[in-house]
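All chains should be built: construct the whole structure from the sequences, respecting the hints.
There are 2 protein chains.
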Amino acid sequence: MGDTTDELIDLARQITSRPPERELDMLLATGEQISCSLLAMAVDALGYPVISLTGTQVGITTDDVHTKAKILDISADRLRKELIHNKIVIVAGFQGCNSNNDITTLGRGGSDTTAVAIAAALKADVCEIYTDVDGVYTADPRIVPDARKLSVISYDEMLELASLGALVLQPRSVEVAKQHGVTIHVRASFNYNEGTLVQEVAKMEKEIVVSGVASDLNVAKISLLDVPDRPGVASHLFKALANERINVDMIIQSTMRNERNNISFTICRDDLDKALLIVEKVRDEIGAGGIAFGKDVAKVSIVGAGMITNPGVAATMFSALAAENINIEMISTSEIKVSCIIKADEARKAVQALHRAFELGQQ
Amino acid sequence: MGDTTDELIDLARQITSRPPERELDMLLATGEQISCSLLAMAVDALGYPVISLTGTQVGITTDDVHTKAKILDISADRLRKELIHNKIVIVAGFQGCNSNNDITTLGRGGSDTTAVAIAAALKADVCEIYTDVDGVYTADPRIVPDARKLSVISYDEMLELASLGALVLQPRSVEVAKQHGVTIHVRASFNYNEGTLVQEVAKMEKEIVVSGVASDLNVAKISLLDVPDRPGVASHLFKALANERINVDMIIQSTMRNERNNISFTICRDDLDKALLIVEKVRDEIGAGGIAFGKDVAKVSIVGAGMITNPGVAATMFSALAAENINIEMISTSEIKVSCIIKADEARKAVQALHRAFELGQQ
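Chains A and B, in that order, are what the protein sequence lines are.
Using our numbering, the letters of the first sequence correspond one by one to residues 1 to 363.
Using our numbering, the letters of the second sequence correspond one by one to residues 1 to 363.
Each statement offered as a hint is correct.
You can't tell identical chains apart in this list, so a pair holds if it fits in one copy or across any two.
Only pairs whose alpha carbons sit at most 30 Å apart, straight line, appear in this in silico DSS-like list of lysine-lysine:
no., residue 1, residue 2
1, Lys68, Lys178
2, Lys274, Lys68
3, Lys68, Lys81
4, Lys281, Lys343
5, Lys68, Lys295
6, Lys295, Lys343
7, Lys70, Lys87
8, Lys123, Lys68
9, Lys349, Lys295
10, Lys239, Lys295
11, Lys70, Lys81
Worth flagging that the hints you see were computed from the coordinates, not collected in a lab.
The following block contains the structure:
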């Protein structure tokens, strides 16, 4: 049923380029309702007691932000009633209803988030998420053959990995899990292997400094050159991008002679054309010099909860890349990750080198 | 969006030949939800305030009979709230929810019925039903060129016409309208002509003896021959047919010599094959002689609220048919209609003759 949402959006587009978001939610919510009723029929045909429920029927209350609503509460009375009667309950993900009884959808990552939120409401021991991989790995096994499946990972590490292009779990679902202390078990749909537990990790285990290496090729870089050094210039630029909903990831400002700067930043590659139009306008408005941009960049990152107490980690990363003659164009760090922008065609080699440097392949 | 329901049923059939009816309703209800949200988008694009609502949101409470539920109550609070805010309200027809908050569908005729039930709940002056014809005619204008549009027709007459193959309104919706005294205005979608009002007709107007002529070609006739004349035989036959949900329309039993009878009856032509299997089984069980059947029959009917006080009407009908050399195979009458089974290829000629005989073409 994977294409249903796209087909529904296409139906709406045939009518209007700007459908009201409330009506779009009314439309899009049918997709999961269709697939969960069909799944219930399949389970019934196998001879098990089953019932499908919409977000409204489950009592998933959200805020009023149509097309990207946030879950406020799950009453779960109906869920409990069906579970007590030994029913297999199939809940339509990605949807809820607001206090006005209008149908809302949760936007990107909404289905995983529904699962975790229901687990929280039921105080379930674990929320199993079935996916097309065996669990969370120290690196992409297609790039690093000796990548190792992690048996446990902390919420924060998973969040960094998730937002860094290791698309096993939607970041939103991990946030909700962290907030409510729900243990997620990421495992394969097609075998019975144990996967990876995502949970609050005890202190002792934090001594594993680096848990994983991730790379993301969906990156583009834009530089605004020769920018006058006066207050409000950067704010003007990034506000203009935010207004068009372009997510800016890494930002570097470098001071030049003559009190003029270069500002470089990265965005999703899909947003490049849209962003360039905005940057050109801003360049004229603020009197900057020129614009440079490139799609041939990638982001490689190391993630680990123990990093904060181990100051040498970033240095090890830079050395490992330098040893491979890989040039670092931009750097950003958080408490539990270090990311570097490098040339796209060196990403594979970089991930392999970092996986080796932090000895992630060995137990 | 006309094929959506068929497509959804097809999806269910791909999974199982016997989907649970509760889940089938969960699935089928999405069809109207999709089309009413798309319609709301179209109205919004024209610049009018609009909102779409599901059966659940409108508070359409039904009984528990999934796939053919009956409406028990409409709370209408939400509807009134939106109307007070000057919204054009689009309600998903054909659906509601039972006291357990499960989604139900109303089955055949459910969309018209929803409209009439909402009009009743809101105590609306009129329920306008937009269709592909201008209104209710004295006969099918494709058969009788001087057929006349009726400005008013009674509920009972409309019910007879509706169930006799003049498919302007679903009979269920007329029943609900009669029950709650809702005036229905049947009119065309593509022009502003006044259509036909369906309402309680004052006595004086009942002097119009015959209001319309209808024909129905979706008829087949089966005769069970040489049936022993003992109690319970007819009951056995028609119970067996009812168990397989085959609707029997007209029944004639004719006594022969030797205390054996013929039983003839008519059914929908689509049910013929299924019915013959049952009749063959019953024949063996009761020791009847043989079976005759034919698809080449049609039902022609005259309908009129004034008929009951005008005993000569049936005689006029039979004479008019006889004058055209049309043989009558079966006859059935009610307080406001007379129906005759004739040869299918004579149906057109019969309708024209009856329309002429009762002077329906003249005001």
